[in-house]
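2 protein chains.
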Amino acid sequence: MLPVLADSVRLADDGVHILDRRDYPFSREWVRCRTVEEVAAAIEEMVTQSSGPYFATLWAMVLAAREAAAVDPAAARTELDRAGARLMATRRTNNHLRKAVHAVLCAVDSVGSVTGDELVAAALAGARAGDERYRARSRALGEYTAELLPERGSVLTHCWADLYLVEVVLAAQRTGKRLAFVCTETRPYLQGARLTADTLAELGVDTTLITDGMGAAILASGDVHTLITAGDRVTMDGHVVNKVGTLGLAIAAHTFDVPFHAMVQAPDRQAPTAADVPFEDRPGDEVLHTLGRRTASDRVRGRYLAFDITPPRFVTSVVTDRGAFHPEKLADYYADDHAGEEQDQ
Amino acid sequence: MLPVLADSVRLADDGVHILDRRDYPFSREWVRCRTVEEVAAAIEEMVTQSSGPYFATLWAMVLAAREAAAVDPAAARTELDRAGARLMATRRTNNHLRKAVHAVLCAVDSVGSVTGDELVAAALAGARAGDERYRARSRALGEYTAELLPERGSVLTHCWADLYLVEVVLAAQRTGKRLAFVCTETRPYLQGARLTADTLAELGVDTTLITDGMGAAILASGDVHTLITAGDRVTMDGHVVNKVGTLGLAIAAHTFDVPFHAMVQAPDRQAPTAADVPFEDRPGDEVLHTLGRRTASDRVRGRYLAFDITPPRFVTSVVTDRGAFHPEKLADYYADDHAGEEQDQ
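Protein chains in written order, with the working numbering: chain A, 1 to 345; chain B, 1 to 345.
Don't read these hints as lab results, they were simulated from the structure. Wrong hints could be hidden among the right ones.
So the derived list for chain B, only partly shown, Cβ under 10 angstroms to chain A, looks like this [as the list claims (entries may be wrong)]: (1) Asp212; (2) Ala217; (3) Val244; (4) Asp308; (5) Tyr334.
Since the model is a prediction, treat every value here as computed from it, not as a measurement. All C-beta atoms in this analysis are idealised placements derived from N, C-alpha and C, irrespective of residue type, glycine included.
Make a model of the complete structure from these sequences and hints.
This is the structure:
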C-alpha cells in the first residue's frame, strides 16, 4: 500500500540497497552500497535525498557495526563514532543524519561493552527503532497537517516532502478530505516533477505540475488554498530552512493571504536561530544541467543555493509530531519534556 | 558588434528567415518562412520570442504585400488586413505585434491606392521604419535604465529582455559602469539559461545562472542590487504583465528592499488595467518537457501560466523610451502628446 519511495532504502546481507532517485521514475535502479563509505558517497551524490539519507544512515550504521564486529568493544565504539561522523558530514543542513547516528549509538551504548554478533544485534535494534520512530512521528505530523487543510481544495507543495507528504495525503484520505495538489518541478533535480508528482499519482491524488517560477502567479490566482512544505530544519525562533524556492513561495503566500504550514518532526534545540544552521554548498554546475544534459549556455557559470531561510513572519504554522505551533511559540514544543526523556536529540 | 540575437529575423527574397531560438545556442538553425502563414506558425511554435515576433511580423507584412501585389488596391488592402489579423492572433499578451502591423498598414495607406511594386515598396518602407523605430526606442529605454543602475553592482534579470537588455548593457558599458548579471533559467523554455546567459557572455558581461526558485534567496542575501525585467505589457495603472516568474521576484525584491525596474517602450493606453490585457494560454504539456525531453512523471499533467501580473506596489519604476516613471504616474508618459502625433499606437 505504501508508495515506492516510502520503502526505498533497505538493509540486506550484502549492504544497503538504495533506490536511485536521480532518474526516478524514468528508471528504477537500486544502488548497492557494501560499505559505510559507499553509503556516504551515495548520499553526497544525491542517489537518495529528503528522508532517504536518514534511513540510509541508520542502515549504514549497522554496516559499521558489522565492519567493527571483529575488534574489541572500545575499538568498535571508536569505529562507530568514525562512521557516524563520516555519514553526518555528507549533508549538513538537515539534522536527520545526526538523529540517525544517535539512534544507533544509543542502542549500542545501552547494552554495555559488546562486540561480535551482540554489537551487530544492538546496532540493528537501534536502527529498527529509529526507522519505526521516524515513521510514527511522520504519521503524527501528517495527521496534524491534514487537520489544517480544507475539506475540499487545492494544496501547493514544493520539492519532495517524502514521508511527511505521504502521511498528509493518507490522513486526508482517511478523513474524507478531497484535495488536489499542485507541485513545483524544483530545479535543478526536479524532485517535484519526478518524485512528488509520481508519488501523488501513485496515491491517487489529482496533481498538476507547474514550474518553479509559477508559484506566485498561482498563489495570486486564488486557485490554491494552502502551501505546505517540509522544513529541513526549523530553528527555535521559527526560521524554516528548506529547499531553495520555499522562501519565495512563502513570501508570495503571505502576500496573497494563503496559509503556509512548514512540516518538521520537531524544532531544533541545537539551532536557536538561522545562524546556527550549517548551509551546504552544492556545485554551481548542477544548475547548468537537467537530468545529465547541459541546458545552459556553455559560456555561463552556475550558482546553486541549495537551501533558503524563511523568516517566521512568513510562516503560518510549524507542524510537528506534537501538533501545530505558531512559529514564534516553538519553545512550547518542549514545554512538557523532562530531563532525560527528550525525544528529539 | 551587435550580438547574434539582435539580428535574428531577416527579410530575404524567398521569405522571412528566423533564427530558431528553441535550441539556441546549442544549434544555430534558421527557419525559412515563405508565407505569412508560415511566419505566423513559427511565432506560435516559439521559433522566435521576446522582440523576435515584432520583427517577424514587420517582415511578414512585406510578404503579405508581395502576395497581394497582383490584385487591385482594395482587394490588396483587404489581404493586408487579413494577414495582420492572422499575425496579431499568434501571441496576444504582448502588444508589439499590433504595432508592427500598424506600422506597415500606415505606410501603405499613406501612399494612397497602390498595387504591384508600389504596394510592396510602401510596405517595405513601413517595415523598415518600424524596425528602426523599435531599435531607437529600445536604445533610449536602455539608456534610461542604465542610469538607474549602480556604478558597480550585480543586477538580477528574468527571462530574456532581448534588445532592451542589450541596450542596457551597451549603455552601461559606454558610461563605464561595471555590472555583473545574475539570470534565472526561466523554465520551461530556458530563455534565461540559453538566450540571456549566452548573449550577456557575448557582450562580455560577468554572468551567473540560477534556477527560477533561487530568486528570493539571492534577493534576501544582499548579493544583487537591482532587479530589471522587460514588461510584455504595462497597463496605464502600473500593472506589469510579463513572463511568469516576474511577480514572485518583484514581491521578493520589495520584501528585501531591492529596487525593481520594469522596461517597456511605452505603457499601453489600450489597457487601462490588467483586466484589459488578453492572456495567452499555452499548452500545459510544455511544463512537462525540457528541450524536447520528458522531464516529469508520466502520470502528471502540467499547467503553463505563461505570464503573470505584478501590481504597481511591487514596482519601483517603469522605464520607457521617454524615461523612468513611477508606476502610478504613467499618464505622464503621454502628457506632452498632441492629437495626431502619438508615438505609441
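Hint by hint, where does the structure go against what was stated? Just the numbers, ascending.
5
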